[in-house]
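With the hints as a guide, dock the two chains, each given alone in a separate frame, to form the complex.
Note that the protein sequences, when read in sequence, are chains S and H. Each residue of the first sequence is one higher than the one before, counting from 1 in full-length UniProt numbering. Each residue of the second sequence is one higher than the one before, counting from 1 in full-length UniProt numbering.
Don't read these hints as lab results, they were simulated from the structure. Since this is a predicted model, take the numbers as computed values, not measurements. Ideal Cβ placement from N, Cα and C applies to all residues, glycine included. A portion of the hints provided could be inaccurate.
[To be verified] Sample of chain S residues lacking proximity to chain H, with all beta carbon distances greater than 12 Å (derived): (1) A28; (2) V29; (3) K30; (4) R31; (5) S32; (6) T34; (7) D37; (8) T45; (9) V49; (10) R50; (11) L51; (12) R53; (13) L56.
[As the list claims (entries may be wrong)] BS3-like mimics (lysine-lysine), calculated; alpha carbons at most 27 Å apart, straight line: (14) H:K123 / H:K76; (15) S:K30 / H:K347; (16) S:K15 / H:K347.
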Amino acid sequence: VRVPFASAKHAAIAKQVIEVDRELQPHAVKRSLTVEDDVLVATFTTLTVRLARLTLNAFLENVELVVRTIGQFGEDAERVPS
Amino acid sequence: MPGRLRKISPLKNPDRPYYALGLEGSANKLGAGVIKHDVDGSSTVLSNVRHTHMTPPGEGFLPRDTAQHHRTWALKVIEDAVKQAGISMHDVDCICYTKGPGMGAPLVSVALVARTLSLLYDKPLVGVNHCVGHIEMGRVVTGAQNPVVLYVSGGNSQVIAYSKQRYRIFGETLDIAVGNCLDRFARVINLSNDPFPGYNIEQEAKKGKRLLPLPYTTKGMDVSLSGILTAAEAYTQDKRYRADAQPTLDEDIITPADLCFSLQETVFAMLVEITERAMAHIGSKEVLIVGGVGSNERLQQMMGTMAEERGGRVFATDERFCIDNGIMIAQAGLLSYRMGDTTPMPKSTCTQRFRTDEVYVAWRA
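Only chain H is shown next, with the shape it has when bound in the complex (with noise of 0.2 Å):
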């Protein structure tokens, strides 16, 4: 690697305990978390309650029960955050709440909750970018140094970098997320939505005998998967295509295992291509996985045999951190208003298209 050296960090350890209540709601899963930044540098997670606005199999989350889904629910998930964690309100020193990416309506339901208890105890506001908090929380949980960052997740998917205060987008997709391009598969083949899709394609590719060909669509660095998706969905019209039966290598019939298995392979090895491309740009040596979709074991797996041939090594988290949380806007919020930036009340809007590299990433060197 070119060039080591050791920058110092901006960020000095605090000289009290910092507490902050997280708040995120950007997709269907409500969250509340509570983080402590202690005296001698630590993070640790005091709380992370989760709350998910699950839906029948065949059919995605719409905006609008999201929203309400999320209004419902708010106060309770906050109360058992702040309760488990053993603190008071009064004693949290920042809220900060997804800004965004993400969906509209929900967004603002927990952003107008956040207004609220900062108005009322009077505690500053942070705006946290949700893709920032994944990256932060993978940070702090797995102890990565400088990770090129893979973040999938239904809504994102993005090959990251850190540099000169940005997180820098490498490589994404083109049109849809990963996460969604699985999300939908799991729709048309009927699957559950519980725990979330994405567990059950996993399940079900573990079951899948035959490797059927689907487009191999990476774009230099980036990735496109409508096309695959399409592919995906043709299969299920394909005259060889048995709804309910068990996979086999023995007749020439198509199954919905089949289907994930093949989906899941082309998909991941897709993004792993990616991932490479974008470590040998930097010369980097670990990988961080994070986002929804980081908690496919398959995925792990694939990146970390790339990872072990390049030398390197693949940092992943379990799905408490995984999947969208509290916490982790608690973590990056936190680190934010440590470095002295807050949002005003005026400024505490939401934005559906919020970037990776629109944040300015003032706690590290």
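Looking at chain S on its own, in the form it has when it is part of the complex (with noise of 0.2 Å):
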């Protein structure tokens, strides 16, 4: 999956967000988060269909909330305090 951001800092930050928690079957469900400039990319592969549809769906709701995080916040913290 290929996630786009506004730049690399916004990709960079998704991606160590996301990659602190485990996968919550890590021996049916391999996981890998790198970055290529400021697309997020993962890679899963998984022992089954059912497992790659709910890791998918808890992957996309998190960067769904990374995302809206980065949005709501970013500007306001990219601006210098006074």
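Right, here's the structure in full:
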């Protein structure tokens, strides 16, 4: 899954935030998260199709949350405090 | 009390004001709060915003829906908290979040936001134990010096006392928490979950007239609650049970109000007993009640009676601080932070089981 971001910094932030939590079934789901420029690349290998669906759903929900957080607070964060 | 040495607190007054943002989401309450530690050593609540995931009567809350609720509301609640505090996120010294214990998915949802904010604003993260958060907020709001803490909520029921840099658990529930028992019973009799089931049980109990026999299960310093829950639920299947009747001593009937009353009296009496045991062991004269169930006035009243008979007193907070909130996480987190503790990103996970005595309480003597 390739998720584009507004900048390389944002993509890196997303990677660091999401990779902290372990997969719920690490022996059945293999995950790799990398950043290519401003794109977050997530590769999943699962034992079953059902697991792939569940893993992807959870991943996308998490990405959506991070993206919304960056969207709401990103601008304010860039603003240098007076 | 033996050897009352006034120990010097390792926490010195700060040289400048410190601010912390606390994020809480271990159960169905999503909270964000900003706290300020001033140079004179005082703690001020700058904002305390909370949004609760409410379910219809007869239903409890499930992890998946709760996590979704938190994801939906997190940003709004945090935005409101920072705005109401009148500061900017840049002024915050650290971002504190609930590391555990609690429900997995909701905890992680909040942690994701905490981590993102931490990286965006370049602020350190502090993972906080939910139980310690309750205790620290209770201490700062009530000013209790060294009380026996009764921490009773929907997820936890523990009797705690402080000793040598740890909050030691003296007694606890062997199976389910007090709030869990009350909430599940409220579901069986179809009480509303607004504002929270325990409140409606308390109001119903005031109308009850009949004290029905329920198993009284204290086990030494601990309590067991699942048996009482089953017994109370069994009464609703009893021939004498009338779901819609008003309590009366004239007819031999059982009403929901009678059951609420009996359940509360039995369960709270057990809690008072185990708290008294801990008080007797330590020789303490103060009781601090924290956690959602702590807002129940009958419990406070019963505990007060016991404490006064022992020449002590009870400290309790109101529902702003009793019920899960973000400000307690901010308070406990900022205390940790000021003693030099932060949570590096790779370690900023969440855990469903996090014992209260796992936390190194560096900020107390």
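(request) Could you tell me which of the numbered hints above are not met by this structure, giving the numbers in increasing order? (result) Of the numbered hints given earlier, the structure breaks none, since each of them holds.
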